[in-house]
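Asks: Chain by chain, the residues run as shown.
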Amino acid sequence: QKEVEQDPGPLSVPEGAIVSLNCTYSNSAFQYFMWYRQYSRKGPELLMYTYSSGNKEDGRFTAQVDKSSKYISLFIRDSQPSDSATYLCAMNAGNNRKLIWGLGTSLAVNP
Amino acid sequence: NAGVMQNPRHLVRRRGQEARLRCSPMKGHSHVYWYRQLPEEGLKFMVYLQKENIIDESGMPKERFSAEFPKEGPSILRIQQVVRGDSAAYFCASSADSPEVNSPLHFGNGTRLTVT
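If you're matching them up, the sequences are chains U and F in order. Here the first sequence stands for residues 1 to 111, where the numbers follow the numbering used here. Here the second sequence stands for residues 1 to 116, where the numbers follow the numbering used here.
Rather than coming from a laboratory, the hints here were simulated on the basis of the structure. Among these hints, one or two may not hold up.
Claimed, not checked - Pairs of lysine-lysine, DSS-like flavour, derived with a Cα cap of 30 Å: (1) K98(U) with K70(U); (2) K71(F) with K98(U); (3) K71(F) with K2(U).
The structure presented is a predicted model; accordingly, all values stated were derived computationally and were not measured.
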């Protein structure tokens, strides 16, 4: 079993939809959770960075962490075609050398 | 643009040749990480360096791969005697602080290595 599981998709939604992206993990020591967006042929770009449990909002993006269920989510409101990308979750217990990545979910937002 | 700069963007090498990948971290960042990305495996940590020091190379194959981050100039990831299995996207990331501070990593756009 992988330490971090992420549904690869692809996920296809109409413009304006609310998108929910999720990761599950097995290591209860993980405390720091990140979401990165990766466009085709580009490097990962940090979207959200959260510590421990709870919600964090930034514009149209909301990150949720439920440590009791070992489950994290990224919500995108009013999705746009420019949100079409692969979304990667990443997490660690407090050391960037031990950052564990999901395989990414491919999202397509259709105009 | 003061982001992480990687070059070349694309590199084609024949089997047995050497590949040299370069990375200039963000301005003010002195911590550099190299990752390899394959479609079915995701991002895999290879090596972490500070200026003039390799701190952690636990993710790097022991043979043919080496990395450096000299006092002056970019970080270099070198792959000697490349084989087809080395074909992948190689990403460099940098951060302002040591790994234990856990400040976010900022990535370059990668070098796509193709071995023919």
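Asks: Hint compliance check: list the failing hint numbers for this structure, sorted ascending.
Replies: 3
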